[in-house]
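Novice: So you can see what is in the structure, the chains are spelled out below.
There are 2 protein chains.
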Amino acid sequence: MTYCLGILNQAGIVMAADSRTNAGVDYISVYRKLFDFSIPHERILMLCTSGNLAVTQSVITCLQREIENQEPQSLHTAPTMYDVARYVGQTIRNIQDSDRQWLERDQIDFQCSLLVGGQLPGEVPKLFLVYSQGNCIEATPETPFLQIGETKYGKPILDRTLSFDTPLEAAAKCALLSIDSTMKSNLSVGPPINLMMYKKDSLLLRHRLQIRLGSPYLAKMRKLWEEHLRNAFDAMPNLEWELPEEAGDILMD
Amino acid sequence: MTYCLGILNQAGIVMAADSRTNAGVDYISVYRKLFDFSIPHERILMLCTSGNLAVTQSVITCLQREIENQEPQSLHTAPTMYDVARYVGQTIRNIQDSDRQWLERDQIDFQCSLLVGGQLPGEVPKLFLVYSQGNCIEATPETPFLQIGETKYGKPILDRTLSFDTPLEAAAKCALLSIDSTMKSNLSVGPPINLMMYKKDSLLLRHRLQIRLGSPYLAKMRKLWEEHLRNAFDAMPNLEWELPEEAGDILMD
Chain A
6 MTYCLGILNQ AGIVMAADSR TNAGVDYISV YRKLFDFSIP HERILMLCTS
56 GNLAVTQSVI TCLQREIENQ EPQSLHTAPT MYDVARYVGQ TIRNIQDSDR
106 QWLERDQIDF QCSLLVGGQL PGEVPKLFLV YSQGNCIEAT PETPFLQIGE
156 TKYGKPILDR TLSFDTPLEA AAKCALLSID STMKSNLSVG PPINLMMYKK
206 DSLLLRHRLQ IRLGSPYLAK MRKLWEEHLR NAFDAMPNLE WELPEEAGDI
256 LMD
Chain B
6 MTYCLGILNQ AGIVMAADSR TNAGVDYISV YRKLFDFSIP HERILMLCTS
56 GNLAVTQSVI TCLQREIENQ EPQSLHTAPT MYDVARYVGQ TIRNIQDSDR
106 QWLERDQIDF QCSLLVGGQL PGEVPKLFLV YSQGNCIEAT PETPFLQIGE
156 TKYGKPILDR TLSFDTPLEA AAKCALLSID STMKSNLSVG PPINLMMYKK
206 DSLLLRHRLQ IRLGSPYLAK MRKLWEEHLR NAFDAMPNLE WELPEEAGDI
256 LMD
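Going down the list, the sequences are from chains A and B.
Going left to right, the first sequence walks through residues 6 to 258 as this note's numbering numbers them.
Going left to right, the second sequence walks through residues 6 to 258 as this note's numbering numbers them.
In isolation and in its complexed conformation, chain A is listed as follows (with noise of 0.2 Å):
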């Protein structure tokens, strides 16, 4: 399994992902799954990637391909961000089309789905999840973040914290938390984590991080985060039970 997410900022954007890929429980390999394609000063291109690691290395492969070949389109070629996206999707369908009879045929899950985000020299910066299918969705305010892979043990944490408005380098402890909680919650998605911060309007990548297994940081973090939890636990007002009542009655309201 795969747990990666982008967050959109009113200040930039933060990707992430874990590393983990495994097919059963007993073949578990690393995989860097956040990719930069970006041209420093020129355009800032991240890509998260989750589901069959066949398709999403074939994927990532092509798009690198045809940058290095100086093709006529690729993703340095892209005039939008919305361009890039669905460039990515269509990538996408390529590998699909050529691939999908034989995956298929051995009910093989050929899915898979990436995020993409970055800016563009005239517009602002933009996150959007692409399906296996080659569509997308972007993004906006009032929805600032995507996941993609193993997203129900980390959504909780982002709904209650994020809004457009967090500052960058909260957004960024955020995801790095969300992750963190998946992992403690499913051994199917692992270390090391690694993150990507971008400001917005500066057109350089300027922040990464990796977190392997057995770092002092995520050490530190998960002890101060569970201590925080616990007092967050003492603070809460106390609950209010009902009156004890003396039958034993058989709740069937």
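By construction, these hints were calculated from the structure, which means they are not laboratory data.
Each hint can be trusted.
If several chains are the same, the list does not tell them apart, and a pair holds so long as it fits within one copy or across any two.
Result set (DMTMM-like, lysine to aspartate or glutamate): computed pairs, CA atoms no more than 25 Å apart in a straight line:
{"#": "1", "residue 1": "Lys189", "residue 2": "Glu231"}
{"#": "2", "residue 1": "Lys225", "residue 2": "Glu245"}
{"#": "3", "residue 1": "Lys131", "residue 2": "Glu247"}
{"#": "4", "residue 1": "Lys189", "residue 2": "Asp164"}
{"#": "5", "residue 1": "Lys204", "residue 2": "Glu128"}
{"#": "6", "residue 1": "Lys189", "residue 2": "Glu245"}
{"#": "7", "residue 1": "Lys228", "residue 2": "Glu245"}
{"#": "8", "residue 1": "Lys131", "residue 2": "Asp170"}
{"#": "9", "residue 1": "Lys189", "residue 2": "Asp239"}
{"#": "10", "residue 1": "Lys205", "residue 2": "Glu147"}
{"#": "11", "residue 1": "Lys189", "residue 2": "Glu232"}
{"#": "12", "residue 1": "Lys205", "residue 2": "Glu143"}
{"#": "13", "residue 1": "Lys189", "residue 2": "Glu143"}
{"#": "14", "residue 1": "Lys204", "residue 2": "Glu47"}
{"#": "15", "residue 1": "Lys225", "residue 2": "Glu174"}
{"#": "16", "residue 1": "Lys228", "residue 2": "Glu174"}
{"#": "17", "residue 1": "Lys131", "residue 2": "Glu47"}
Chain A is fixed; fit chain B onto it per the hints.
Specialist: Same frame as chain A, now just chain B:
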């Protein structure tokens, strides 16, 4: 959907459930999913239900009818909590046997699962998860909670804060927050929330609580909790970003 959880603790048991049932997104109803089958001073029995409503309602009705008819075998005659759990499992099997072929041929999901918690004289408090197949697992000090239904959203808070030694009242708050997190992130889980808290060896179920939509306590609790989470972000050490790289390398390691 549904979310129910049970917590087994050195000091007792907490059981909690939401009340939303849905068939698709356009048919949403309220049904109680937490039931009390206790006999004061004799036996404490709490049940939570999830899954196909027709199945779980039949299970509860059968269990209740056997008690009312004072049949020789019922939840009130089972000699240990393990027997109670097996008895609930047998009741599930009976209902499944009578309905399964009719549901199966229309591809209707007939699965269900139940939580059974309580205490019988001469035993310590016990908590079981009874599967749709009628078999069961038991909570232990190492894994002091069991969940059924839409379990993922509410699991991180339990994983991070609960242990067998958590004070019972804190465990009850934790259960409430676990359900509230799920409600906030998934519309198919909804109020009212029902809670029961049982203090070990009292053989009396004194603490019950129903929290309705718009409850001032719930609003206050959410506000406090979210404030604490945001404060926790502020208190967390700053991320130790790597030094900026000059080139926008495509990272493929």
